[in-house]
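Enquirer: For this one, chain R is given, so just place chains W and L on it according to the hints.
Residue numbers (my numbering), protein chains in the order written: chain R, 1 to 370; chain W, 1 to 203; chain L, 1 to 303.
None of these hints come from the bench; they were simulated from the model.
Ideal placement from N, C-alpha and C gives every residue a C-beta, glycine not left out.
Some but not every residue of chain R turned toward chain L, in silico, with C-beta under 7 Å:
1. A80
2. T83
3. R182
4. P184
5. F187
6. G326
7. V337
8. Q340
9. E342
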Amino acid sequence: MYVAVKGGEAAIANAHCLLADRRRGDRSVPALRLDQIVEQLALGVDRVMSEGSLYDRELAALAIAQARGDMIEAIFLVRAYRTTLPRFGYTNPIDTGTMLVERRVSATYKDLPGGQLLGPTFDYTHRLLDPELAAGADVAEPLRRETEAQAMPRVSAILAREGLIEPDGEMPQDHVPGDITREPLEFPMARDIRLQALSRGDEGFLLALGYSTQRGYARNHPFVGEIRIGGVELELDVPELPFAVPLGTVRVTECQMVNQFKGSAKAPPQFTRGYGLVFGQSERKAMAMALCDRALRASELGEDIVAAAQDEEFVISHSDNVQATGFVEHLKLPHYVDFQAELDLVRRMRAEYEARENPAKAEEKKEAAE
Amino acid sequence: MDIAAQSIEGGFADPVFNAQTVFRAVMEAMARPGSVQLLPTLARPPAPLSPTAGAVALALCDNDTPLWLDPALHASAAVISWLGFHTGAPLANTPADAHFAFVATPAEMMALDGFSQGTQDYPDRSTTLILQVGDLASGPPLLLEGPGIETSATIAPARMPRHFIEQWKQNAKRFPRGVDIILAAADGIACLPRTTRIKTMEA
Amino acid sequence: MTAQSTDIATYNFAYLDEQTKRMIRRAILKGIAIPGYQVPFASREMPMPYGWGTGGVQVTASIIGPDDVLKVIDQGADDTTNAVSIRAFFKKVANVAVTTETAKATIIQTRHRIPEHPLTAGQVLVYQVPIPEPLRFLEPRETETRKMHALEEYGLMHVKLYEDIAKHGRIATTYAYPVKVEGRYVMDPSPTPKFDNPKMHRSPALQLFGAGREKRIYAVPPFTDVVSLDFEDHPFEIQTFDQPCALCGAENVYLDEVILDDHGGHMFVCSDTDYCEKRREEGHRGHLAPETDLASEKLEPAQ
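Just chain R, same shape as in the assembly:
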């Protein structure tokens, strides 16, 4: 006898209880503290802050713990929290030229004012699993700079002095920077909006698209003009006060890609720019973003649009991993009403097909059914 299934509420509660149990795992293993995640899984925290569009290490760490290390789930948790926060205002643009630099490399010049500074990088590490780390060995203190830091002009400024690179992107005088979290997207979009979308875009998606441009799908001859990582000051203009109020420091990664450009009907031969900026330390993301930004400037620079990475509507509509994961995963929700409609149609069409292809067999089947 068929009894309609009931009790979704209890099932959900039980499932969540089980999830909490699995999240905690073996109770004899100490529970992770948020400060451990902040300190020791810092690049994961940075990614969650960056794609979650919320600069708060502790909340990102909480999200990572709550999501059992599932990064997209953690990003989603942060976004859903961020969306409820009141807005007090918009800070002034940050000046990465005055960054307190921790790492800075340029692939275009052997040496330059401020020098090359490797900083805390995986580059040149040999990727050999480290048994000492597993054993929890003590870690030596790093060396500290003993002299005053030299000024580090941005490589793009050095190139610009020669007039060989396009000017930094200028927006019209009356342009008010958009905010993709407050306004619906509209295509085609201004570059400020596009950069916002790329900055919170999925690292993997942008990485693959950036890679595709290198392999010939809209190749644009990129050079890493500069990658710099470090702290920048945030300032807010308050109408009542005659000066900008400092709010604190955020750590960002900036990538300026310098791309060869033969010139077009619209512009003389020169270098062009692709730009990437993300919260925290994530060179891979900043570089992929810069490659995508440059590819997406195709129509602005009069280039033919021949590849996916240049297609603004394609890239921006699919770069948000919170949207993508939701819609892909929604396929596991019940669809039986629609499936029933399709089932009915396919059955009918199948019966007609069989009657047409093999009338005798169809007749037999019909009789057997009866």
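Expert: Chains W and L alone, transformed into the frame defined by chain R:
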């Protein structure tokens, strides 16, 4: 009472629930043109902005929605400062920039086509007009048809704009572009979305 | 700085902040004024995934008040997990009364069905919409489809439907079947089976559609013409079922197929669980209805 005090007082006593009450009344009225949705007095703006129109402003306007005020309202520093304080909405430079237009004396108002009509691509980007009418029963009756109306409906707003029926016909011809109207009477509201057709009863 | 549990998680009535509600409310009003036109809105991240009803939830959260009675259905049923989850969300963040009875609800949020019990004036039906653009599967670009709507250029849709007829002898669209609203906009009715399309036509209820991920809101006011696209020689027709509901005996309702065993045994039951229960309470019996009274049937099975 000075303007500063006037501008701070008279807002919603309960911003969350009062806004919901006013919005639901507007939504019902917009969905059922010709129906009158009664509203208690929830806002007390300085004259000549009426309590009903003031409540609509509090419920729907904020710093994302430039407002246009008709000369009667614009002449009142108290009204401007009240709207500014409670909604944060900027004043529109021209009627065509306004998301909402508040009109205290509809009989003297400029033509409907002077407001933003939206575009063919984005017809939603048109001005919503809030007309302060005396009441919804003592004016010349308007026989209404269109979406939201089962067969026909009648309202009789007093002190409507000049040549309104003709202007409204022109508004309909611009569909899907066009303005929408919220009629704010003393004790309630009625709406005329751009889809509503007026069958002339009297000239 | 440490994140303390007391710092987080104090939310406004119905979760959304007031500015967001105003923005959505303005979009709803424009949607009502331009029936079938998709109004862009700045959809927010919600505490449930995109694709799981965030558009419907934002619409409901923006219209709901303390006097409302909410019903949430998914696939026609009040007890599918996502419906349970959304209902629980509103119980928690808005503390509103909830019901499973169609007639008692003032707001019904739905995914994939329109209730069988006729809706009445004063009720609002809120649809969760995955892809609001009816032309999207024919033209993936928003820039292009927006132009088609602006110019009322719907030839592509008719070509697609006609190709179906040429290839399959019938229009092979069974759900999300496109409609024309008030003779102007072609609209996606959300993935409801086309069986439900006629219920949209001149419904006394207000119908609101929310697509969160795609950031669109649209509406059909009460008593508005909603016509399923078709051809003179291939008129629109709805699915019919060969048998009545096995539990309540209802005919002319939408049925779910339930697999009973692995020998091909199956039965058809109402997809609208409230409708089915009401009929059984009234004494209607289908050919596979249990003999026992309803009270015992309502017991929860072991999880």
